[in-house]
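Protein chains: 2
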Amino acid sequence: MPSYIAPTRDTRFVVNELLDLASYGNLPGFESATPDITDAVINEAGKFCAEVLAPLNQVGDHEGCTRHDDGSVTTPAGFKEAFKAYQESGWGTVSQPEAYGGQGLPHVMGLIVEEYMATANQAFAMYPGLTTGAVSAIMSKGNPEQQAKYLPKMIAAEWLGTMNLTEPHCGTDLGMIRTRAEPQADGSYEITGTKIFISAGEHDLTENIIHLVLAKTPGAPDSSKGISLFLVPKVLVNDDGTLGERNSLSCGSIEEKMGIHGNATCVMNYDGAKGWMIGEENKGLAAMFIMMNAARIGVGIQGLAQAEVAYQNAVTYALDRRQGRALTGPAEPEEKADPIFVHPDVRRMLMDAKAFTEAMRALSLWGGLQIDISHSAATEEERAAADRMISLLTPVLKGYGTDKGYEVCTNMQQVYGGHGYITEWGMEQFVRDARIAMIYEGTNGVQAMDLCGRKLAMNGGQAIQEFFAMVDADIAAAKGDEVLGPLAEQLEKALGQQKAATMWFMQNAMTNPNNLGAGAHHYMHIMGIVALGLMWLRMAKVAQAKLAAGSDDKAFYEAKIATARYYMDRFTPDAGALRRKIEAGSESMMALGEEAFATLA
Amino acid sequence: MPSYIAPTRDTRFVVNELLDLASYGNLPGFESATPDITDAVINEAGKFCAEVLAPLNQVGDHEGCTRHDDGSVTTPAGFKEAFKAYQESGWGTVSQPEAYGGQGLPHVMGLIVEEYMATANQAFAMYPGLTTGAVSAIMSKGNPEQQAKYLPKMIAAEWLGTMNLTEPHCGTDLGMIRTRAEPQADGSYEITGTKIFISAGEHDLTENIIHLVLAKTPGAPDSSKGISLFLVPKVLVNDDGTLGERNSLSCGSIEEKMGIHGNATCVMNYDGAKGWMIGEENKGLAAMFIMMNAARIGVGIQGLAQAEVAYQNAVTYALDRRQGRALTGPAEPEEKADPIFVHPDVRRMLMDAKAFTEAMRALSLWGGLQIDISHSAATEEERAAADRMISLLTPVLKGYGTDKGYEVCTNMQQVYGGHGYITEWGMEQFVRDARIAMIYEGTNGVQAMDLCGRKLAMNGGQAIQEFFAMVDADIAAAKGDEVLGPLAEQLEKALGQQKAATMWFMQNAMTNPNNLGAGAHHYMHIMGIVALGLMWLRMAKVAQAKLAAGSDDKAFYEAKIATARYYMDRFTPDAGALRRKIEAGSESMMALGEEAFATLA
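Protein sequences appear in the order of chains A and B. Residue 81 in my numbering sits at position 76 of the first sequence; the count goes up by one each step and never skips. Residue 214 in my numbering sits at position 209 of the second sequence; the count goes up by one each step and never skips.
A few of these clues could be false.
Note: identical chains are not told apart, hence a pair may lie in one copy or across any two.
[As the list claims (entries may be wrong)] Below, in silico cross-link-like pairs of lysine to any residue (SDA-like), each with a Cα-Cα straight-line distance of 20 angstroms or less: (1) K498 x E588; (2) K230 x E340; (3) K89 x A55; (4) K230 x G329; (5) K288 x P226; (6) K85 x S204; (7) K279 x G257; (8) K279 x G249; (9) K341 x N287; (10) K52 x L605.
In short, the hints are calculated from the structure, not lab data. Model, not experiment: these values are computed from the prediction.
One chain only, chain A, in its complex shape (with noise of 0.2 angstroms):
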């Protein structure tokens, strides 16, 4: 069975070292995130993950969820317990606010215990995960009487939240949607329709369940700009927060597919269900993306979250398992042979790993911290740049870390070789389950066309050379030190690639946006690659500083210095090649018809 151990110390080294939480204690929320509350809360949360969730990771993959003739459905043996402790843990309070009783932390604590939760068991952190988006929907656009009722439940995770978006003819394109709400006497709306692919979207956790559900009211226009967000409880809340009827709604059926069985994706059929608007009429859209930028984030750590502990898993193995000699004679001669740790392919392939979930988990939290100096600092001029600093990034999180992520956990399985395809080794799980990551919250495609044709573009630009000018600070802080300047160096040149592809875009997309979409995954590649480089480089810095105060921890910071330099040496010369695809512009991409997909027998 494979294992999992919160990687708690490199969490800290973000946290205390690389962000320094401690050094804005002036913002509202950080003065309680002293080192010692953090670390306790992250040495707690991973043990918890690692203790109570991971054993339940293979049980779910194998059992699934089950649904019932009455349409109830029945979590994997385990599920319930664990849920049980996750509530009375109260890891979902982390970084709620206060006044509904969350624990009031910065943001970045709540995700490192989403980290670890979708590390240790992805399709259980579902459960809890998708309400932290409903949660964010409801505090921002809901109405005080609304936030009183659900909220607190909510947070303490008594009762879980769901996003209801999808419909069987349409997912991204949300202007399709034929689900209605008619409103009646009494302000509330009559919903009815149906929804697919709702991960969470029933399950024997929580005696409710409050899902948000996106649909048109009578004469709404024809388009995005024609949809609602409504509350549909699955059990009718009284007004004095008791449970009362049960709501016409139901779950018509379980998905089949390829992993995260051990979460219910539930087709929820809605037969005039009482609901209640959640902000304005027609601005459903917008309230929708409070739900989804939360959710993307998520997303994005999931990939970290799978890579993470498949790496894990590879090394163990890697080390254990014992074929053919090292390229360089043997490196263990009394053994009948090596183990495969000394081959240098294994070791790209960890390395891979280890240089990717690393600066991965650092770039997560650093956006973390930006939603909360966007939420918290002093001036608006401060919050609106970290606002545009994290619109910017979420694509980037969302889009590059699932399919690195998924990369990853592909070639940790490979380190496997005939054992990483058999069933109870646990490695092709992580592959299966990593894989949906790259599809919802918005396929990866739109993720790309969310950075290029959307993020770029804000305000002329600003978020974008915002981001230049910042990572040309830390080069240039860089250059001539020994140690950091060839890093610096080396993650210039990818900076200039993501340069010469941004104006490439100003110049040609203008005249023909197929050259903006032909390039767009490219570009979201580059700028990830370029991300993650940014994070090597200030990893190595803080690592320098440590080991020149003659830190106890040398193997760590010099460990941190040679994958920076692993990183710069095989990551970043991908952005120049693709620099070179985005050049290619549309022409070949879009030159042929449809005629010429055909297959001719």
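The hints should help you fit chain B onto chain A, whose structure is shown.
Okay, now just chain B, sitting in the frame of chain A:
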């Protein structure tokens, strides 16, 4: 349910127009390979695979194989009947020698049947597929008595064969095997040991199974120089060819695995089973490589196969599914949305698949032609040159073909969005089935080392120099041409990267062999890019000539040229990045010791 149409038009293009098989009519075996014969084989094989095998692909995945308490194994519903049809149609005999009941057609033709079968149903195709390797070994190393006794039945698919290499503690490093072979007075051996991952090790398709088993004779050297190959029938064969006693071997269990569920992956227990040595004592590795090389090209074709079927279905979906609008304005304004085919990111994935599958088909069949020439050319010089070329290309076909095939499958699944993750659509099965091809018959890391550690150095680098000369000649001939010139220039850049990488290996691998190991996987990919690029240049040249001659089939040839342009635009830039990674060497890759890979809590 996914569908499959055999791409017979494209195969005929390769066979008749690109390879011009008829022009080899002076070679033995080719005289009967006239276009009317080869076209008939292509068309009928395609029909058989599409009509008989493809409909069982999803069934096989869902049902899997069942092992009963007596060790017998039942294949999925329909497999037995389909196999009967396969036997009767004689598809397994196409390129086998007439002396043993084969049709004596060129090897190329057998590979076409292999492609179609693997595309329609990989799990099914593996039952006869493994037999091909066993047949090659017996044909080349068996004695006349063994050949007469087993080959006709195996070629007729009355009996199937297997390859038994892997043991629980060793796969790649076969010198470590523990299966013993005790010589008996009658010249036979008693085989005792456990083999794992034996594809088609037990099943209900044929009344006998001929296992080829690697084992060690008493006192054999404790290395790969001490292994011998044995023929161990499931049911002993009497001298008159009738079946006798059941041999003492059995299937201990079937592995649960990620995919290819329709094929029984068996643990095989040999308990003093009667076997006969194939070839010489302690020369089993050489015999094994004969099986392996045949199998490796077949596995490379599996990469193409899964990519092809995934591509065909993704095209259908992309034309059917409507979401959003073309970036250049509505393509079908009368509809609510445009087909997703209009979106550049979808087209990118489809064009990538098209550019890969068509060139991979050309390359694998061109490789098959080299095998034929290596067997049948008039002069030893021609035979040896063709043998060098296919030896060099085999790891590239297997390693690059399956890496890229898996990537294409993943992308085709991505085209489906959320539906790609759902079992019933069938796309996720293609990904799971494609995954094994990167692992078995030598992991792709082993292929990379075979290429860089053995094949590059063969005869002082003669093979790679001949490859360079061949590509150079095609580039030189194309230069200056309006259509072909630009393609040739792009290919020349990629070839330049490969040459530089080769040179770097020569200068840096002697002092530190890890420099070779660290770049081997990247090098295999550069060479895959160049080799497929050569096929595109040649296909474009054929297409150009056909267009110039006023062909009726204008659209087909124009699509070839457009796809060649896409290939050069989007595949060749990676060669430069890969070279830079190779030139980074092994230093940062191997810098860290095992303690740096431990997860620290």
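* **Hint check against the structure, violated hint numbers in rising order** => none
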